[in-house]
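**Q** The chain contents come next:
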Amino acid sequence: MAEVIIIGGGIAGLSAALEIAASGVKALIFSKVHPLRSHSVAAQGGINAALRNHPDGKNDSWEAHMIDTIKGGDFLNDQEAVALMCREGAKRVMELEKMGCPFSRTPEGRIAQRPFGGGVFPRAAYAADRTGHAMLNTLYEQCMRAREEGRIDFYDEWHVLSVIASGSKCLGIAARNMRDSEIKPFPAGAVIIATGGAGRIYSHSTNALINTGMGIALGYFAGVSLKDMEFVQFHPTTLYGTNILISEGARGEGGWLLNKDGKRFLSDYPDSASSMEMAPRDIVARNIIKEIRRGGGVEDEYVYLDLRHLGEEKIQERLPGIRELSIKFAGIDPAKELIPVQPGQHYTMGGIDVNIKCETGLNGLFAAGEASCVSVHGANRLGGNSLLEALVFGAVAGKSASEYAEGAEKYPEAFLKESEAGLKEKTSFLMNSRTGKSQWDIWEEMRKTMMETAGIFRNRDGLTKGLNIISRLIGEYDGISLSDRGGVMNMELYWAEELRGSLRVAEAVLIGALAREDFPGRDDERFLKHSVIEYNSGSPELSLKDVDVSYCSPAERRY
Amino acid sequence: MKDYTFRISRFSPARDATPYFREYKLRLGDSSTVLDALFYIFKNLDPTLGFRFSCRGSVCGSCAMKINGGHRLACETQASGLGNLITISPVSNLPVIKDLIVDMEHFWKNYRAIKPFLVFNSSGREEHIVSPHERKRLNGLVECILCGICFSSCPVTGLDENYLGPAALLKLARFLEKERGETRERLYPGITRHGVWSCRKAYNCQESCPKNLSPAKAVRNIIFKTAGKAFRK
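Heads up: the sequence lines are chains A and B, in that order.
This note's numbering puts the first residue of the first sequence at 1, with every later residue one more than the last.
This note's numbering puts the first residue of the second sequence at 1001, with every later residue one more than the last.
Hints are computed from structural coordinates only; laboratory data are not their basis.
Among the hints, a few may not be true.
To be verified - Take a look, some chain A residues computed to stay more than 12 Å from chain B by CB distance:
id	residue
1	Ile67
2	Pro102
3	Glu148
To be verified - Once the Cα atoms are required to be at most 27 Å apart in a straight line, the calculated DSS-like pairs of lysine-lysine come out as:
id	chain 1	residue 1	chain 2	residue 2
4	A	Lys328	A	Lys260
5	A	Lys98	B	Lys1115
6	B	Lys1136	A	Lys328
7	A	Lys91	B	Lys1136
8	B	Lys1115	A	Lys437
9	B	Lys1002	A	Lys448
Just so we're clear, the structure is a prediction, and the values are computed from it rather than from any experiment.
For glycine and all other residues, C-beta sits at the position ideal for the given N, C-alpha and C.
Using the sequences and the hints, build the whole thing.
**A** And the structure:
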C-alpha cells in the first residue's frame, strides 16, 4: 500500500489523513504531542460557511463569503484559492456534522451561526465557544475508525527533525522518538506538513507553547519557499497577563470594547466607526493600541471587554469557555465584571508557499493549514476562516498527496540511512555542547525582539534593528549549551531543536516586513504582491510574485 | 512575590530504581500557575525535569499531575492558593516514563475500546435536524479534554486493570445519545463487567474533573438506558 506521512495531528493533519485513508492509501501521522493536544483544540468562536441558517443570513452565499474574505485580507489573497475554500466550506461543515460534531443549534434544529468581524452575514457555525475542541475530537474519532481498519497509523511524541529531499523530490522524513531518542528515517510516497503556526516566536501570543513554527522551517530547510511571512495577525482581545484568547464570538454575541472611561472608543476611529466591535481583527487591534497610546488604556496596558449586558444566561449558553477561562486565569466573572484585554499575536497568515492543490516547490511535499500559505487570508485573516482553511485544505492536501504517492516509487532506504547519519551528527552536536550560551536567553531575546520590532506597528529602523538581533542569535545558536544527557523525554533537547526553526522563521518575518515600506496609504502598484523567501543555505533570498485578483479588484477598506 | 518550596517527584528509568523527591526553592509572582513554576525550575534550576505541556490554557489536557495530593491541571492551578510547600507527583494508575510524564497508552486503549466514532452516511447536503433540546442532552458529554485525571483518581481503575474507566465510559454515553440509525450493539463491549458495571460510585471522577463533568452520572445513565439489553445475546 502506498503511504503518505503527515507531520502534525491538528485539524489540517487529521482532515488530510481521513481523505488519504478514504482513497486507499495509508496515512502515517507524526506528532510531537498526542494529536488531541494540538493547538486546533483551543479554537473557540466558529467556522465560516454560507449555510444560511441565521435569520439575518438568508441572503448569504459562497460568493459573499469570498468577497468578505478578500476585503478582510486587504486584497492580498489569491482569489481562486479563496473561491475554492468558500465553495467547499458548506459541504465540509455538513460532512463534519454527519461525523457527529456537536454544533450548537438554531431553534429549527439547524447548525447555529453567529456574526464575526468582517462578515456581512452571520456565518460562523459554532459549538458553543469550543468549536475547535468539538471539531478536532470529531475528526480524531473518525481517525480511530480508520485506525481499526489499518488505514491510519499514529506516531505520537515523535519529533520530526527533517524533511528529506534529493534533487526536486521529497523522499520522506527523519524523526526522533522522544521516548528513547532513537532517530529513524521514514521513506514515504509523499509528505504533508500540517504543523500549525509560529506564534511562539513572539512574547505575547495566544498560541499553545508548542507553536514554535518548527514545522514551517522543516519545509524551508528542505528547500521550499515561504510566502507572506510578514503577515502576522494580532488578536484584539487576549486576556491581560496570560494572553489567553478571548474569542471574537464574545463580540459577535454583542460584547463591547471600552476604554478606561467606559466609552466604546472604536467610534472615534474612522475605519471602525460604523462596524465598531465587528470590524476585522487588524483594524480593531490597531485601534486598541492607538487608544492605549492616546491615554485611554487602563494602566497604559489594556482596555476592557464588557459582556455584562448579555446577561448570565446567554453567557453561560454561548460563551461558557470564555467565562471559565476568565474566572480561572484572571479571577473575573464576565457576567458581573469587565474583562481586561489587550492585543496579542494570534495567527501566522504566511507559511510554506503552496498552490491551490497544496503542492510546494518540491515534488511529493505538500503543506496545509496554518503552516502553509495557500494565500486565502491575504494580509489579515477573518475570524472563522482558520478552522475552515484547515478543514478544506487539509482534505485538498490529502487528495493531492495520495494521488502523488500512488504513482511514486518507494525510494531505497539506503539513501535515508545516509541522511540519518547526518542527523545524528546534528543532534550529537547539541548533546555534546558544554560551554555556550543558554538557549533560554536566545528564546527570550528573540521573542522580545519580535514583539518590539515586528508587532502591530512597524517601521524600517525597528525592523532593521530586529533583523540584526535575530541574525546574531542565529550565530549564537550554534554554540548553545545543553546539560540533560538523558534519552527519555529530554525536553531540553526538544526545545533546542525547535529553536533552530523558530529563529529562521522569525528572520523570514522580518525580511518579509522589510520588503514593505511603512507608508500609511496604499500603493498597489508596488505592494499588491506576495513576498517569497528562499532559505538558500542560510542566506535567505527575497523575491516578489503577483497576487491572483481574478474575481474582484482592490479598494480601500472601511467598516 | 512569594517564596515557595516545590517538592517534585523525580524518576529516570535509566538511573533510578524508584522515584524520589527533590526540592526546589523559588520565588513566584502573584498570578503564577504551577505550570509557570515548573517552567521556571526547568529553565533556571534543573533542565532535566520532565513534564508535558501544550496549550497552557486549560483546554488541551496535557498537564495533569498530582498537586498536593489532588489531581489537577498544572496550567490552571494558581500557586498562591496552595501554601508555601507544594508537592508534585505524576498521576496515579499509569506507569511513569520520566518524572511527571506517564505512559497514557492504557488510557487511550480504553478510549478506543468503546469504538468512539459515529458510523455515518455522508450522502445528502443537508444537516441532521437536532433540536436545541436534543443538543442540550449532549452537554456534559462532549466537553471532555481526555486529560486522564478521572482515570487516575478512580479507585477502581487502580484495582481492575481491565476496567474501562470514567473517561471512556463518558465517551460511550455520548455515542449512545446520538444513534442516527447505527446499531447499538456496536457499543455493547462497554456495557459489560469491565464497563459500566464496575463503577463503584465513588464519584472521585466528578470531584476531580477540571471541566466539572460527571462520568459517574453518565455511567448511571448508561445503566438505566441499557440494563438487560447488553446480556440479551
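**Q** Take the hints in turn and mark each one as holding or not.
**A** Each hint, compared with the structure:
| no. | hint | in the structure |
| --- | --- | --- |
| 1 | Ile67 | holds, 23 Å |
| 2 | Pro102 | violated, 5 Å |
| 3 | Glu148 | violated, 8 Å |
| 4 | A:Lys328 / A:Lys260 | holds, 23 Å |
| 5 | A:Lys98 / B:Lys1115 | holds, 17 Å |
| 6 | B:Lys1136 / A:Lys328 | holds, 24 Å |
| 7 | A:Lys91 / B:Lys1136 | holds, 25 Å |
| 8 | B:Lys1115 / A:Lys437 | violated, 49 Å |
| 9 | B:Lys1002 / A:Lys448 | holds, 25 Å |
Violated hints for the displayed structure, listed by number in ascending order: 2, 3 and 8.
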